[in-house]
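**Student:** Sequence:
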Amino acid sequence: MLRSDSKIASVLGSLEFTDARLSYFWDEAKLTGQAWGKILNLNKPAWDVYFVYGPKASWKKSPPKPNFWMHQLSGCEDKALFLDLEGLEVEVKKLLSTVKN
Numbered sequence: 000m001l002r003s004d005s006k007i008a009s010v011l012g013s014l015e016f017t018d019a020r021l022s023y024f025w026d027e028a029k030l031t032g033q034a035w036g037k038i039l040n041l042n043k044p045a046w047d048v049y050f051v052y053g054p055k056a057s058w059k060k061s062p063p064k065p066n067f068w069m070h071q072l073s074g075c076e077d078k079a080l081f082l083d084l085e086g087l088e089v090e091v092k093k094l095l096s097t098v099k100n
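Everything in the sequence shown is counted per numbering that gives the first Met the number 0, starting at 0 for the first residue and increasing by one.
Simulated from the structure, these hints should not be mistaken for laboratory data.
All figures in this text were calculated on a predicted structure; none of them were measured in a lab.
Glycine included, C-beta positions come from ideal geometry on N, C-alpha and C.
Possibly wrong hints are sitting among the right ones.
Pairs of lysine to aspartate or glutamate residues, derived as EDC-like cross-links and limited to a Cα-Cα distance of at most 20 angstroms, are as follows [said to hold, decoys possible]:
#: 1; residue 1: 60; residue 2: 26
#: 2; residue 1: 6; residue 2: 26
#: 3; residue 1: 99; residue 2: 88
#: 4; residue 1: 78; residue 2: 88
#: 5; residue 1: 37; residue 2: 77
#: 6; residue 1: 6; residue 2: 27
#: 7; residue 1: 64; residue 2: 90
#: 8; residue 1: 37; residue 2: 47
#: 9; residue 1: 43; residue 2: 27
#: 10; residue 1: 64; residue 2: 47
#: 11; residue 1: 29; residue 2: 47
#: 12; residue 1: 64; residue 2: 88
#: 13; residue 1: 64; residue 2: 77
#: 14; residue 1: 78; residue 2: 90
#: 15; residue 1: 43; residue 2: 90
#: 16; residue 1: 29; residue 2: 18
#: 17; residue 1: 55; residue 2: 90
#: 18; residue 1: 43; residue 2: 77
#: 19; residue 1: 93; residue 2: 83
#: 20; residue 1: 43; residue 2: 26
#: 21; residue 1: 6; residue 2: 47
#: 22; residue 1: 29; residue 2: 4
#: 23; residue 1: 78; residue 2: 47
#: 24; residue 1: 37; residue 2: 27
DEER-style ranges, computed between Cβ atoms [stated by the list, open to error]:
#: 25; residue 1: 40; residue 2: 4; range: 20 to 26 angstroms
#: 26; residue 1: 58; residue 2: 28; range: 18 to 24 angstroms
#: 27; residue 1: 2; residue 2: 93; range: 24 to 30 angstroms
Could you put the whole structure together from the sequences, leaning on the hints where they help?
**Tutor:** Set out below in structure tokens:
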């Protein structure tokens, strides 16, 4: 959520990654960030967040709270969850180890 965000910027950004498995959406009202903020018990919209879900996660009417998450949010109270790639990798590997092939 930057001042420079716009529908045009989102379209241009989507050209950077063209994998058919990716979908891009423009959320002018920032409803998605507000919803994630509530799920994570933040007092602000959540963006630049990284979620890790276990194999039993089920998305119903609202997305479930992730098993683990990290962020790059300025002013967020929980500094322990500020993005640390090595820490995120550890958490992903932990959950992957619980999945049966």
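**Student:** Each hint should be assessed against the structure and marked as holding or not.
**Tutor:** Comparing the hints with the structure gives:
1. 60 - 26: Measuring from Cα to Cα gives roughly 18 angstroms; hence the hint holds.
2. 6 - 26: The given pair, whose Cα atoms are some 8 angstroms apart, holds under the 20 angstroms limit.
3. 99 - 88: At roughly 19 angstroms apart (the allowed maximum being 20 angstroms), residue 88 and residue 99 satisfy the hint.
4. 78 - 88: Roughly 18 angstroms separates the two Cα atoms, so the pair holds.
5. 37 - 77: Answer holds: residue 37 to residue 77 is near 15 angstroms, not above 20 angstroms.
6. 6 - 27: 8 angstroms, holds
7. 64 - 90: 15 angstroms, holds
8. 37 - 47: 15 angstroms, holds
9. 43 - 27: 16 angstroms, holds
10. 64 - 47: 16 angstroms, holds
11. 29 - 47: Satisfied, since the Cα-Cα distance of roughly 13 angstroms is no more than 20 angstroms.
12. 64 - 88: 19 angstroms, holds
13. 64 - 77: 16 angstroms, holds
14. 78 - 90: Holds. Residue 78 to residue 90 sits at ~17 angstroms (cutoff 20 angstroms).
15. 43 - 90: Since the Cα atoms of residue 43 and residue 90 sit roughly 25 angstroms apart, the hinted pair is violated (cutoff 20 angstroms).
16. 29 - 18: 24 angstroms, violated
17. 55 - 90: Within the cut-off at roughly 16 angstroms; holds.
18. 43 - 77: This hinted pair holds, its Cα atoms lying about 13 angstroms apart.
19. 93 - 83: The given pair, whose Cα atoms are some 15 angstroms apart, holds under the 20 angstroms limit.
20. 43 - 26: Within the cut-off at roughly 16 angstroms; holds.
21. 6 - 47: 18 angstroms, holds
22. 29 - 4: Roughly 11 angstroms between the alpha carbons, so the hint for residue 29 and residue 4 holds.
23. 78 - 47: 14 angstroms, holds
24. 37 - 27: 18 angstroms, holds
25. 40 - 4: 20 to 26 angstroms: 24 angstroms, holds
26. 58 - 28: 18 to 24 angstroms: Roughly 21 angstroms apart at Cβ, these two residues keep to the hinted range, so it holds.
27. 2 - 93: 24 to 30 angstroms: 37 angstroms, violated
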